[in-house]
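K.L.:
Construct the entire structure; sequences and hints are all you get.
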Amino acid sequence: MLEELSEQQILAARTVLEYADIEPNDDNLRRYISWEIVTFTEDAKGHYCWYMDDEGNEICIHVETLEEIDTYDFE
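Position 17 of the sequence shown, counted from 1, bears residue number 16 in numbering that gives the first Met the number 0, the numbering being contiguous throughout.
These aren't lab readings, by the way, just hints derived from the structure by calculation.
Backbone N, C-alpha and C define an ideal beta-carbon position, used for all residues, glycine too.
Mixed in with the good hints there might be a few duds.
What the hints assert, rightly or not - Here are the simulated SDA-like cross-link-like pairs (lysine to any residue), alpha carbons at most 25 Å apart as the crow flies:
| no. | residue 1 | residue 2 |
| --- | --- | --- |
| 1 | Lys44 | Thr14 |
| 2 | Lys44 | Leu10 |
| 3 | Lys44 | Tyr18 |
| 4 | Lys44 | Glu63 |
| 5 | Lys44 | Gln7 |
| 6 | Lys44 | Leu1 |
| 7 | Lys44 | Tyr71 |
| 8 | Lys44 | Gln8 |
| 9 | Lys44 | Thr64 |
| 10 | Lys44 | Ile68 |
| 11 | Lys44 | Leu4 |
| 12 | Lys44 | Asn56 |
| 13 | Lys44 | Ile9 |
| 14 | Lys44 | Glu54 |
| 15 | Lys44 | Glu67 |
| 16 | Lys44 | Ser5 |
| 17 | Lys44 | Asp69 |
| 18 | Lys44 | Glu57 |
| 19 | Lys44 | Glu66 |
Claimed, not checked - Derived DEER-like restraints, expressed as beta-carbon distance ranges:
| no. | residue 1 | residue 2 | range |
| --- | --- | --- | --- |
| 20 | Asp25 | Tyr71 | 24 to 34 Å |
| 21 | Glu41 | Asp69 | 11 to 21 Å |
| 22 | Tyr71 | Asp26 | 25 to 35 Å |
| 23 | Leu65 | Glu3 | 30 to 40 Å |
| 24 | Glu6 | Thr40 | 14 to 24 Å |
P.N.:
Next comes the structure, spelled out in C-alpha cells:
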C-alpha cells in the first residue's frame with residue numbers, strides 16, 4: 000500500500016506517527032500503514048490521515064496542509 004501513496008500522504012503519515020511519539024522510519028511506516036493503524040479518509044474539505052493508539056486516542060492530520068485537526072470536529 001505504501002507504494003500507492005503520494006509523497007504528501009507519506010509525509011502526513013510520518014507526521015501522525017511523530018505526534019504519537021513513534022519515531023517514523025520506512026519499516027514502521029510501512030508496518031503501521033499495512034496494519035491500517037494509519038488510515039486515510041476524504042471529505043469535501045480534503046484528505047485526512049488518522050492514527051489511533053492502543054488507548055483509543057485519535058490523531059488526525061489534514062494531508063494537504065499537515066495541520067493537526069481536532070478530532071471533535073468529526074463527531
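K.L.:
Next step is simple, just say for each hint if it's right about the structure.
P.N.:
Comparing the hints with the structure gives:
1. Taking the CA atoms of Lys44 and Thr14, the gap is about 19 Å. The hint holds against a cut of 25 Å.
2. Distance check on the hinted pair: Lys44 and Leu10 sit about 19 Å apart at the alpha-carbon level, within 25 Å; holds.
3. About 22 Å separates the Cα atoms of Lys44 and Tyr18, which keeps this hinted pair within 25 Å; it holds.
4. Under the criterion of a C-alpha separation no larger than 25 Å, the hint pairing Lys44 with Glu63 is consistent with the structure, at around 10 Å.
5. In summary, the hint linking Lys44 to Gln7 is supported, as the alpha carbons are separated by about 16 Å, within the 25 Å threshold.
6. For a cut-off of 25 Å, the pair hint linking Lys44 to Leu1 stands: about 23 Å separates their Cα positions.
7. A threshold of 25 Å between alpha carbons decides the hint, and for Lys44 with Tyr71 the separation of about 16 Å falls inside it, so the pair holds.
8. Distance check on the hinted pair: Lys44 and Gln8 sit about 15 Å apart at the alpha-carbon level, within 25 Å; holds.
9. Distance hint between Lys44 and Thr64 is fulfilled; the C-alpha atoms sit about 11 Å from each other, no more than 25 Å.
10. This hinted pair checks out: Lys44 and Ile68 have alpha carbons roughly 12 Å apart, not beyond 25 Å.
11. Of the pairs offered as hints, the one joining Lys44 and Leu4 holds, with about 19 Å between alpha carbons and a cut-off of 25 Å not exceeded.
12. Under the criterion of a C-alpha separation no larger than 25 Å, the hint pairing Lys44 with Asn56 is consistent with the structure, at around 23 Å.
13. With a C-alpha separation of about 19 Å, the suggested pairing of Lys44 with Ile9 holds against the 25 Å cut-off.
14. This hinted pair does not check out: Lys44 and Glu54 have alpha carbons roughly 28 Å apart, beyond 25 Å.
15. Proximity of Lys44 to Glu67 is assessed by CA-CA distance (about 14 Å); at most 25 Å being required, the pair is judged to hold.
16. For the hint pairing Lys44 with Ser5, the CA-to-CA distance comes to about 18 Å; that is within 25 Å, so the pair holds.
17. Restraint check for Lys44 and Asp69: satisfied, since their Cα atoms lie roughly 14 Å apart, inside the 25 Å limit.
18. For the proposed pair Lys44 and Glu57, the alpha carbon gap of about 19 Å is at most 25 Å, so the pair holds.
19. Distance hint between Lys44 and Glu66 is fulfilled; the C-alpha atoms sit about 13 Å from each other, no more than 25 Å.
20. Checking the proposed 24 to 34 Å range against Asp25 and Tyr71 shows it holds: the Cβ atoms sit about 33 Å from each other.
21. Between Glu41 and Asp69, the C-beta spacing of about 18 Å keeps the proposed range 11 to 21 Å intact.
22. Between Tyr71 and Asp26 the Cβ separation comes to about 33 Å, which falls inside the hinted range of 25 to 35 Å.
23. Taking 30 to 40 Å as the suggested C-beta distance range, the pair Leu65 and Glu3 does not conform, at roughly 20 Å.
24. Look at Glu6 against Thr40: about 19 Å separates their beta carbons, and that is inside 14 to 24 Å.
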